[in-house]
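Colleague: If you want the building blocks of each chain, they are given just below.
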Amino acid sequence: MSLSNRHLLGLHGVPKEDIQLILETARTFREVLERPIKKVPTLQGKTIVNLFYENSTRTRISFELAQKRLSADTINFSTSTSSAKKGETFKDTVRNIEAMKVDMIVVRHQSAGVPQYLTRISKANIINAGDGIHEHPTQGLLDMYSIREKFGRLEGLKVCIVGDVAHSRVALSNIFGLKTMGAEVSVCGPATMIPLGIETLGVKVYHRIDEAMAKNEVLNVLRIQLERDAGKRIPSLREYHKFFGITSERIEKHNREIVILHPGPINRGVELSSEVADGPYQVILDQVTNGVAVRMAVLYLLGTMH
Amino acid sequence: MKIILKQVRLINPEQKLDEKNDLLIEDGTIKKVGGLTETDFKSSQVLELENKICSPGFFDMHVHLREPGREDEETVETGSNAAAAGGFTGVACLPNTNPDIDSAEVVRFIKEKSKDHLVDVFPIAAASLGRKGEALSPMYELFEAGAVAFSDDGTVIKNAGMLRNALEYSRNFGTPIIEHCEDESLSDGAMNEGYTSTLLGLAGIPNVAEDIIVMRDIMMVEFIGGKIHIAHISSKNSVELVRQAKKKGIKVTAEATPHHFTLTDESVKTYDTNYKMNPPLRTQEDVDAIRLGLKDGTIDCIASDHAPHAIEEKEMEFIFAPNGILGLETSVGLAITELVQKKILSFALLVEKYAINPRKILNIPVPQIKVGEKANLSIIDPSMIWTVDVSKFKSKSKNSPFDQRLLTGKSIAVINNNKMFYEDKFVTI
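Residue numbers (this note's numbering), protein chains in the order written: chain A, 1 to 306; chain B, 1 to 429.
Note that these hints are calculated values from the structure, not bench results. There may be inaccurate statements among the hints.
[To be verified] The calculated label-pair distances, taken between Cβ atoms and stated as ranges, are:
no., chain 1, residue 1, chain 2, residue 2, range
1, B, K251, A, G264, 55 to 63 Å
2, A, I121, B, Q284, 26 to 34 Å
3, A, P235, B, D403, 27 to 35 Å
4, A, Q110, B, E312, 16 to 24 Å
[Said to hold, decoys possible] Anything over 10 Å on all C-beta distances counts as not near chain B; from chain A, calculated:
no., residue
5, S111
6, D131
7, F151
8, G182
9, E184
10, I209
11, I234
12, R238
[To be verified] DSSO-like cross-link-like pairs, simulated, lysine-lysine; straight-line CA separation at most 30 Å:
no., chain 1, residue 1, chain 2, residue 2
13, B, K132, A, K232
14, B, K360, B, K32
15, B, K394, A, K91
16, B, K52, B, K394
17, B, K269, A, K179
18, A, K232, B, K360
19, A, K204, B, K269
These figures come from a predicted structure and were not determined experimentally. Quick reminder that beta carbons are idealized off the backbone N, C-alpha and C, glycines included.
The task is simple: from the sequences and hints, build the whole structure.
Modeller: Have a look at this one:
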């Protein structure tokens with residue numbers, strides 16, 4: 001079995017079989033992570049570059065760890081200034097890195113479309129680690145893995161993505177992936193945070209969190225990203241928390257199990273209360289562990305394709 | 001030198017002219033229309049033009065020539081060459097150069113640079129100093145030096161008070177204010193806002209960012225007079241606003257670009273920055289509205305918004321890449337393919353959009369096809385099928401999304417200022 005595409009640019013258009021294969025493979029690697037020796041020789045001799053044009057701690061560490069667990073050689077290239085400001089064009093930077101004979105590039109960038117662009121200028125396998133407000137496919141996959149781990153299935157599950165959907169790359173990857181796997185996906189947030197045309201993707205829209213909580217089994221709660229000007233779209237964090245924050249009172253009111261996911265880092269007291277963030281309903285730290293396994297699966301499947 | 005345009009279809013709706021005839025040009029002047037003798041034929045270079053069209057020279061009223069300031073992207077000369085190759089004998093160039101065209105010196109500099117060329121270049125000067133929207137540019141002086149209109153293009157005239165002053169002041173000499181309609185508080189994005197921008201994860205620029213300014217400008221002209229010309233109209237509602245304003249007799253005109261009547265925002269799907277422009281490519285509904293606007297006369301002319309950019313600047317991450325594409329060398333082919341072939345415009349209407357209306361808007365005399373008149377002509381092969389090849393462009397830049405596109409209809413020659421561009425060469429006639 002192998003994937004149908006030699007890059008992972010997003011979950012839009014990725015067939016069900018591919019997602020299933022990644023999730024199944026991740027399960028094997030998840031077991032490896034529980035062993036005393038957590039390393040396998042699968043990608044020995046492969047060189048992977050982590051090309052991070054935007055600040056990231058957890059995604060980069062998760063990828064790096066996944067690469068090391070697979071015995072690949074890893075190089076990190078991190079810069080928070082755009083190539084435009086630096087004087088060297090992005091294309092030149094990539095060509096230089098490519099000239100050093102790398103096999104795979106994991107890329108994060110402020111601009112949507114950079115992974116697609118990379119496939120045109122590089123021969124390496126490209127993995128999108130987040131492009132602007134477009135997609136973050138490995139996050140979508142690890143969210144699906146974590147949900148499936150909890151419920152044993154994705155088909156027919158009701159999942160609601162809560163928060164600044166319009167400025168989130170996690171939201172789109174979740175929507176595309178979960179829809180493909182047969183889940184019912186909805187979004188919830190103030191209208192300033194819901195993008196135009198989202199219904200066309202087959203997604204229901206809620207503007208009241210209690211309504212969303214009454215109708216869904218899973219809430220994937222997004223971080224309110226002040227660094228992405230979220231402040232312009234809501235009057236205050238206090239007001240956001242009051243009307244959209246997930247608190248234990250809200251969960252208890254519904255008197256049913258609701259699983260809470262969060263891609264991290266959490267703004268405690270904003271999108272989640274501390275009680276919920278540490279409480280019995282969340283799977284946030286499982287997501288982090290699963291993230292390594294899912295990334296191992298993606299790297300392995302792409303890195304061993306012929 | 002004598003040139004005969006043999007059996008060409010002469011079209012000029014201004015003169016109610018649409019006939020097949022022979023045309024004799026001597027020393028750059030039209031000497032005979034029909035009635036040519038055997039001696040004429042023997043002593044002239046004869047262009048066999050059966051099934052070709054000859055009209056007053058085409059005029060592109062929205063061109064960025066980049067000189068002074070970015071001569072690496074385009075110069076007055078290379079831009080004029082591109083215009084000639086594309087079928088134009090005149091262009092108006094926008095003021096967002098470096099320095100801006102906001103002083104008589106820069107107007108004269110551009111006029112001087114273009115004086116020996118086949119293509120006439122008419123500078124459009126800034127409406128406000130430095131296009132900052134704070135103080136009026138020296139409009140009288142600019143007008144005297146040769147500016148034909150005023151615009152802060154590249155950006156909108158910042159506030160309604162400034163617009164009022166510019167409109168009132170320009171009434172003194174009857175020139176239009178050309179407006180780039182964009183409410184910048186709404187337009188912090190990289191493509192059209194809608195389903196496709198959501199799918200692609202790119203921040204959007206909604207139609208309403210354009211509509212609000214079109215509305216503001218129309219209301220201001222209704223109140224204070226003057227003339228407004230809407231540059232590169234792209235939104236369905238804006239077309240309707242102009243249509244209604246014209247019905248009320250308000251002095252508003254509008255232009256549309258070939259890319260806005262040809263492409264939709266779905267083209268952005270590959271993240272190719274050659275599909276990044278401002279205003280952005282809109283939806284099929286908007287494209288249809290623009291086509292209808294061109295057909296019913298709401299939109300007066302076709303202008304390309306020719307915007308050369310250096311490869312290294314255009315080949316950038318999508319959100320960082322500059323806006324704009326080349327237009328001069330694909331404009332006529334796209335208009336014939338998308339509008340004439342699809343029965344939206346007749347050739348007579350095409351000539352109005354390209355040769356007559358832009359000049360009328362800018363108060364430039366329309367060339368006539370008459371004995372004794374200076375020959376200022378475009379000759380088009382309406383059925384030539386050709387493939388766009390940016391590597392053959394006369395423009396110094398290469399940023400066109402239409403590379404390798406198959407088009408029908410192409411300019412084969414232009415004549416103006418005692419010169420002819422024919423078979424890829426300029427010759428003095």
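Colleague: Find the hints from earlier in the document that the structure breaks and name them by number, from lowest to highest.
Modeller: Those not satisfied are hints 3, 5, 6 and 18.
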